[in-house]
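J.: Sequence:
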Amino acid sequence: MKVKIKKQGKTKEFKLISKWEDVTLEKWLKLIDFHKGTKSKEAQETIAALSNIPKDLIKQLELKDVALIMSKLSELQAKQDSSLKRIVEVNGKRYGFHPNLDEITLGEYADIETMIKNDIEKNMPEVMAILYRPIVEENNDVYTIEAYDGNITIRAEEMKKMSAEQVQSALVFFYHLGKELSLTLPLYLMERLKEMKMQ
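Using the working numbering, you'd call the opening residue of the sequence shown number 205 and step up by one each time.
Hints in this document: simulated from the structure, not taken from any laboratory.
As the structure is a computational prediction, the values presented were derived from the model and not from experiment.
Wrong hints could be hidden among the right ones.
[Said to hold, decoys possible] Listed below are the simulated BS3-like cross-link pairs for lysine-lysine, each with C-alpha atoms no more than 27 Å apart in a straight line: (1) Lys231 / Lys268; (2) Lys259 / Lys219; (3) Lys259 / Lys210; (4) Lys206 / Lys276; (5) Lys219 / Lys276; (6) Lys223 / Lys326; (7) Lys234 / Lys321; (8) Lys297 / Lys234; (9) Lys208 / Lys219; (10) Lys276 / Lys365; (11) Lys245 / Lys268; (12) Lys268 / Lys216; (13) Lys364 / Lys219; (14) Lys364 / Lys276; (15) Lys234 / Lys364; (16) Lys210 / Lys276; (17) Lys326 / Lys297; (18) Lys321 / Lys365; (19) Lys216 / Lys231; (20) Lys276 / Lys245; (21) Lys240 / Lys259; (22) Lys210 / Lys268; (23) Lys283 / Lys208; (24) Lys321 / Lys240; (25) Lys326 / Lys365; (26) Lys245 / Lys259; (27) Lys243 / Lys259; (28) Lys243 / Lys364; (29) Lys276 / Lys259; (30) Lys283 / Lys365; (31) Lys364 / Lys321; (32) Lys245 / Lys365; (33) Lys245 / Lys219; (34) Lys326 / Lys245.
[To be verified] Here are the in silico distance ranges between beta carbons for each label pair: (35) Ser287 / Gly213: 42 to 50 Å; (36) Lys223 / Ala314: 30 to 38 Å; (37) Asn343 / Leu310: 25 to 33 Å; (38) Val376 / His239: 16 to 24 Å; (39) Asp269 / Glu342: 41 to 49 Å.
C-beta atoms are modelled at their ideal positions from N, C-alpha and C, and glycine is treated no differently.
Assemble the whole structure, with the sequences as input and the hints as a guide.
T.: Shown next as structure tokens:
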């Protein structure tokens, strides 16, 4: 999307993101962090992060123009595709979302739960590195991902390049699963405990 700014009789054209999928996870985390400051600082930093408008020029924009730009950015975010992307490509490598969350291991779930508890925003790349792993075998819509070994440091760096849209859809999906697991896991564990006592 192009934005024209007229200053001192001269009109310059700048680029603003044209779709929410242009925002990476790394950039989205910065946007979330901007919410912690004042509204004016949030607007200034958001526009700077999602456009090529120089910061000194952003400071000179009239409030109505800032409001218009922020409104356009909000519209883009609202229009995002919220369906889960089971396969994503990051830096030329294909990653698959955990194909069967009913079979998620205790290690995977415990690591995700710990990262969420410690600071979901700070640990978002790590959470994505657990949920999305390299595809090792693929046939049409069926795929197998790399086994989870807890070694996610390098992949977490790669995940910073995922689109925020992909991350948000995965989080919504995983949130619903987490709610379901929080209800069924204690019941399952209690049943297993009873079975063990009876043996």
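J.: Next step is simple, just say for each hint if it's right about the structure.
T.: Hints, one by one, checked against the model:
In summary, the hint linking Lys231 to Lys268 is supported, as the alpha carbons are separated by about 25 Å, within the 27 Å threshold. Our distance criterion of 27 Å between C-alpha atoms is met by Lys259 and Lys219, whose separation comes to about 14 Å. Among the hinted pairs, Lys259 with Lys210 is consistent with the structure: their alpha-carbon atoms are about 15 Å apart, no more than 27 Å. For the given pair, Lys206 sits about 11 Å from Lys276 by alpha-carbon distance, which is consistent with the 27 Å threshold.
At most 27 Å may separate the alpha-carbon atoms for a hinted pair to count; Lys219 and Lys276 meet this at roughly 13 Å. For the hint linking Lys223 to Lys326, the alpha-carbon distance of about 24 Å falls within 27 Å, and the restraint holds. Note on Lys234 and Lys321: the hinted pairing holds, with a Cα-Cα distance of about 20 Å set against a maximum of 27 Å. Restraint check for Lys297 and Lys234: the C-alpha separation of about 24 Å stays at or below 27 Å, so the hint holds.
A C-alpha spacing of about 9 Å is found between Lys208 and Lys219, which places the hinted pair at or below 27 Å, so the restraint holds. Distance restraint check for Lys276 and Lys365: the Cα-Cα separation of roughly 23 Å lies within the 27 Å cut-off, and the hinted pair is therefore satisfied. In summary, the hint linking Lys245 to Lys268 is supported, as the alpha carbons are separated by about 16 Å, within the 27 Å threshold. Taking the CA atoms of Lys268 and Lys216, the gap is about 18 Å. The hint holds against a cut of 27 Å.
For a cut-off of 27 Å, the pair hint linking Lys364 to Lys219 stands: about 22 Å separates their Cα positions. Restraint check for Lys364 and Lys276: the C-alpha separation of about 24 Å stays at or below 27 Å, so the hint holds. Distance restraint check for Lys234 and Lys364: the Cα-Cα separation of roughly 11 Å lies within the 27 Å cut-off, and the hinted pair is therefore satisfied. For the suggested pair Lys210 and Lys276, the alpha carbons sit about 19 Å apart, so the restraint of at most 27 Å is met.
For the given pair, Lys326 sits about 24 Å from Lys297 by alpha-carbon distance, which is consistent with the 27 Å threshold. Of the pairs offered as hints, the one joining Lys321 and Lys365 holds, with about 23 Å between alpha carbons and a cut-off of 27 Å not exceeded. Between Lys216 and Lys231, the direct Cα distance comes to roughly 25 Å. Compliance with the 27 Å bound is thereby established for this hinted pair. For the hint linking Lys276 to Lys245, the alpha-carbon distance of about 18 Å falls within 27 Å, and the restraint holds.
Annotation: proposed proximity of Lys240 to Lys259 holds, straight-line Cα distance about 19 Å (limit 27 Å). Annotation: proposed proximity of Lys210 to Lys268 holds, straight-line Cα distance about 14 Å (limit 27 Å). Taking the CA atoms of Lys283 and Lys208, the gap is near 23 Å; set against the 27 Å cutoff, the hint holds. The hinted pair formed by Lys321 and Lys240 meets the criterion: a straight-line CA distance of about 19 Å does not exceed 27 Å.
Of the supplied pair hints, the one linking Lys326 and Lys365 holds, its CA atoms being roughly 15 Å apart against a limit of 27 Å. Annotation: proposed proximity of Lys245 to Lys259 holds, straight-line Cα distance about 11 Å (limit 27 Å). Straight-line distance between C-alpha atoms of Lys243 and Lys259 comes to about 16 Å, which keeps the hinted pair within the 27 Å bound. Restraint check for Lys243 and Lys364: satisfied, since their Cα atoms lie roughly 26 Å apart, inside the 27 Å limit.
For the hint pairing Lys276 with Lys259, the CA-to-CA distance comes to about 19 Å; that is within 27 Å, so the pair holds. Pair hint Lys283 plus Lys365 holds up; C-alpha atoms about 20 Å apart against a cutoff of 27 Å. Using a Cα cut-off of 27 Å, the hinted pair Lys364 and Lys321 holds, with the two alpha carbons roughly 20 Å apart. A threshold of 27 Å between alpha carbons decides the hint, and for Lys245 with Lys365 the separation of about 25 Å falls inside it, so the pair holds.
Between Lys245 and Lys219 the alpha-carbon distance is near 20 Å, which keeps this suggested pair within the 27 Å criterion. A distance of roughly 21 Å separates the Cα atoms of Lys326 and Lys245; the hinted pair therefore holds under the 27 Å criterion. Distance hint for Ser287 and Gly213: a CB-CB separation of about 47 Å, consistent with the stated range 42 to 50 Å. Between Lys223 and Ala314 the beta carbon distance is about 36 Å. The supplied range of 30 to 38 Å therefore holds.
Restraint check, Asn343 to Leu310: a C-beta distance of roughly 28 Å satisfies the suggested window 25 to 33 Å. Taking the beta carbon of each, Val376 and His239 are about 19 Å apart, inside 16 to 24 Å as hinted. Separation of Asp269 from Glu342 is about 47 Å and conforms to the stated range, judged on CB atoms against 41 to 49 Å.
Checked against the numbered hints given earlier, this structure breaks none of them.
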